[in-house]
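Under the numbering used here, think of the first position of the first sequence as -4, with each following residue one higher.
Quick caveat, the hints were computed from the structure, so don't treat them as lab data.
Keep in mind that a hint or two might mislead.
Calculated pairs, PhoX-like style, for lysine-lysine (alpha carbon to alpha carbon, straight line, at most 25 Å) [said to hold, decoys possible]:
1) K165 - K227
2) K255 - K230
3) K255 - K97
4) K200 - K165
5) K255 - K224
6) K165 - K224
7) K224 - K200
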Amino acid sequence: MRDGDESAASAALLRWYDGAARVMPWRIGPAERAAGARPDPYRVWLSEVMLQQTTVAAVRGYFRAFTERWPSVEALAAAEDGDVMAEWAGLGYYARARNLLKCARAVAAEHGGRFPETEAGLRALPGIGPYTAAAVAAIAFDRPAVVVDGNVERVVARLWAVEAPLPGAKPRLTELAGRITPAARPGDHAQAMMDLGATICTPRKPACALCPLAGFCAGRMIAETLPRKAPKPEKPTRRGFAYVAVGPAGEVLLERRPEKGLLGGTLGFPGSDWTETPAPRPPFAADWRAAPAAVRHTFTHFHLELQVMVAEPAAPPPGATPRAGFRPADLPTLMRKVWDAAQGALSSQAE
DNA sequence: CAAACGTGGAT
DNA sequence: TATCCAAGTTT
């Protein structure tokens, strides 16, 4: 991109977006947009939080479930913690769900049920960082915010052929993103940049031949190598034990994990520490036997291998959940895997 | 500020 | 099978 081409580029981008915008449940249609309508800030905020580090495909079903069950920020604010955690189960990064509730309650209690319209106001709420504050301000409130996510970083790095690696190059990329952000339709511009990054200016094999900005792109010949990133550390492997106890009437022993840390606030099976050489730690004395297959699961920064132990005590374990109150879908994916692995060793095939 | 924090799909 | 990585935030 050369100096002076910014407005032509943003105009080309918006023309492309007007003809190619992807339909998503949290967006409004072109006709409504043309009539001056804005999308519901609650739905914009909810979608943006769900989309943090998460693909559109993974979010769709969760967004539908949340908005059907809790149609407004007040409704969500009144929800039980456990219900929200269960509805979020499987989407990952559970701090988002905890902060989602905190944020909804803050908006309901301290802002009269209305989201703040400024970046600074939004930024002060739990779970809303620089990206989400800018996105909600631009998309829901038509504020001229510079929205920079991973897509925008990639598009901008290529447009200006920025070879400095992330994360160090982030301030530079933000500055460049500001240069092509137009005063008009900032929300559409932001979504256009992200749509472009998601569909044309992709990490691998970008479709430069289809790109509305190809004529402005200084990095086109080296697009696939940009943006450069610092190498990632290797993932160590940790091991542990998980204990699945099923009572005579199908009662299941579950525990709520601590708020802080991995899978914080989610429901799961009791278990040991996760270390190189974990010590077994059954929740009570019983005839524990090993499930035939171990559970393998990879987190952001380590691999986990869990030995699943199963017991079927004659009396239901104290505090166990009745069979009717247990749904594997309420568990995070790791714990669903543990449950699935336990089935092979269970005589009372609970399901 | 580097590290922690999930998951599933693509390659 | 292994690696990458997706609309980031918090500490």
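**Hint numbers not upheld by this structure, sorted from lowest to highest** = Hint 5 alone not satisfied by this model.
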